[in-house]
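Asker: If you want the building blocks of each chain, they are given just below.
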Amino acid sequence: MIQFEAVHKRFPNGTTAVHDLSLDMPEGGVTVFVGSSGCGKTTSLRMINRMVDPTSGTIRVGGRNVLEQDAAELRRSIGYVIQQAGLFPHRTVLDNIATVPLLLGWGRKKARAAAGDLLERVGLAPEMGRRYPHQLSGGQQQRVGVARALAADPPVLLMDEPFGAVDPVVRTQLQDELLRLQRELNKTIVFVTHDIDEAVRLGDRIAVFRTGGHLVQCASPAELLARPADDFVADFLGAERGLKLLSLTALVDVKQGAAPDGGPWELVLDGARKPVVWRERGGAGGAEVPVRPLRDTDSLLSALNESIASPSGLVARVDAEGVLTGVSSRSDIHSAAGDAHLRGAGNGATSPDGGAPAPEPSAPTAATPRGSAPDPAAQSPQGLDLPAPADAPADGKSGRGVA
Amino acid sequence: MYELFKDLGAWLVSGDQWGGADGIAQRLAEHLQYSLLATLIAAAIALPVGLLIGHTGRGAFLAINLSSFGRALPTVGLVVLVFLASGLSMWPVYIALVALAVPSIVTNTYAGMTAVDPEVKDAARGQGMRAHQVLFQVELPLALPLIMTGLRLALIQVVATATIAAYVSFGGLGRYVFDGLAQRDLVQVLGGAVLVALVAVVLDLALSGLQRLLFRHRPSTLKSA
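Protein chains in written order, with the working numbering: chain A, 1 to 403; chain B, 1001 to 1225.
Bear in mind the hints are in silico, worked out from the structure with no lab data behind them.
Fair warning: there could be bad hints in the mix.
[Stated by the list, open to error] Listed next, the in silico EDC-like pairs over lysine to aspartate or glutamate satisfying Cα-Cα at most 20 angstroms (straight line):
| id | chain 1 | residue 1 | chain 2 | residue 2 |
| --- | --- | --- | --- | --- |
| 1 | A | 274 | A | 321 |
| 2 | A | 274 | A | 261 |
| 3 | A | 110 | A | 120 |
| 4 | B | 1121 | A | 161 |
| 5 | A | 110 | A | 127 |
| 6 | B | 1121 | A | 95 |
| 7 | A | 244 | A | 298 |
| 8 | B | 1121 | A | 73 |
| 9 | B | 1121 | A | 53 |
| 10 | A | 255 | A | 296 |
| 11 | B | 1121 | A | 120 |
| 12 | A | 255 | A | 319 |
| 13 | A | 274 | A | 298 |
Could you put the whole structure together from the sequences, leaning on the hints where they help?
Answerer: Have a look at this one:
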């Protein structure tokens, strides 16, 4: 859908913002450009809709070279969201959203109707449409920014640090909203951020940039976390890289059994067999500790967290309706986490021949909490014993431990 | 002193003074006509210049220095100079008044344009607006409060200075000032001065009220009335 071919960008002052970038983004899915400031990720994004023109190289969107298209018309066909939303302060929210439809000549009535639909789609009440941007909270403004970008239903959406200026709670909400919208709309999204957690959360692919405009690695979040291409990427992913990987693995395969009858802690259920609280056995005055039941789609990381928080060391498992299906023990979760890690990290330290780290035997992708297509090979425990495929990376780095 | 104010009051409200071919009503109309025409001509020159400098960012030096140039310009000197060159006509008056009004319009228009948030301009371009659409749909509306402030200041300055029309034998409220001076009629001089001040204050209040009404939806940082 979007192709970069040997793209260079050098600014008049001599700095190279983007160095020899070649990258192919398929249709649908979220590609996140990540890196520290000055690494060329924003410039790369802005070259897609010609806010910046490359010094050399070719960029194609939908097969067409962007430099051969009229810049204004190209931009109308591509959604664009920026930090601080960049809303027009003199126009109502509804007219802000209707910007591109009006530029495309849809007429005021049709444009406003489309804007009204979008307002609802991003989770804002209809009466918000009559307000002015400064009367909205930062999170609401950002939602309007997304609605404005989507108003003419463009196949491609460019998002330049759109959630960078809102507080963490609102940011999480906006990320959830974006994932929900993306499930409904399946756009081709390019998303720029310097926040690796945001990248792991949102990305189907993550492209890591290094200062000087070099693309270091582009891979799925699980692949990236499991096998960073070099020390730069590993440092960028941070010390909790292994835990981030667990956030991508679902709880579904972890063994579960019936809730124990004995033991010092009792799991109290309500009439519909939904977990309510952990209560200490032995008399009416027993202490109570809140329970946070998990579903199969929740991540191993949340399970690990809950197994530590739970006084019994047990994690209550529930179905989609919140009804108890069983409990998983701390040790089962721990070993599942270890397995997931091993799968991802390529099991270098314990390779059968005891020599050099072995190549990765199976794809590290597992069912993710956000419900993208699960990879059966990665989920089955047998996946561990598969022989190394011939096309697996053979360099020693790919098998590095996670520590 | 008390007598003087009493005479002034009588002069201002007397029906004889207001009517007739050289009455206050007639002089007031002339004065407003000179002022509005001069401000309109100045706006026709200064607005495009200010918008162009603000939009392109080129010639900012001119916009910034024009205001100090305008303050330093001796208006009466200019009138006399053009009067000597052109003879008896309204030209010297209009040229002087326009020269007085242009700097504050250019400077405020430029200031309004540069005050537009670059993120908003970037977003406008990114949504697919062409340069003229960014200018007329985003920059101009957002700069409008400051542009109107410039026009208001220019008009007030011109109203206060349009008395010079009488200096080269034309009408307007300046007639009373210059005639009064010639006839050593202090009441008439004061009467003319008070009327000019009144017109300026009333216009200022009316226009700033209009601005507040027009831009009531703007965030307070963008009103600058």
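Asker: Now tell me if each hint is right for this structure.
Answerer: So, going through the hints one by one against the coordinates:
1. 274(A) x 321(A): The given pair, whose Cα atoms are some 9 angstroms apart, holds under the 20 angstroms limit.
2. 274(A) x 261(A): holds, 17 angstroms
3. 110(A) x 120(A): Holds: residue 110(A) and residue 120(A) sit about 16 angstroms apart, inside 20 angstroms.
4. 1121(B) x 161(A): holds, 17 angstroms
5. 110(A) x 127(A): Cα-Cα ~18 angstroms, so holds.
6. 1121(B) x 95(A): Given that 20 angstroms is the threshold and the Cα spacing comes to 16 angstroms, the pair holds.
7. 244(A) x 298(A): With Cα atoms ~13 angstroms apart, residue 244(A) and residue 298(A) stay inside 20 angstroms; holds.
8. 1121(B) x 73(A): The given pair, whose Cα atoms are some 17 angstroms apart, holds under the 20 angstroms limit.
9. 1121(B) x 53(A): holds, 18 angstroms
10. 255(A) x 296(A): It holds: about 11 angstroms lies between the C-alpha atoms, which stays within 20 angstroms.
11. 1121(B) x 120(A): Outside the cut-off at roughly 26 angstroms; violated.
12. 255(A) x 319(A): holds, 15 angstroms
13. 274(A) x 298(A): holds, 17 angstroms
Checked against the numbered hints above, the structure breaks only hint 11 and satisfies the rest.
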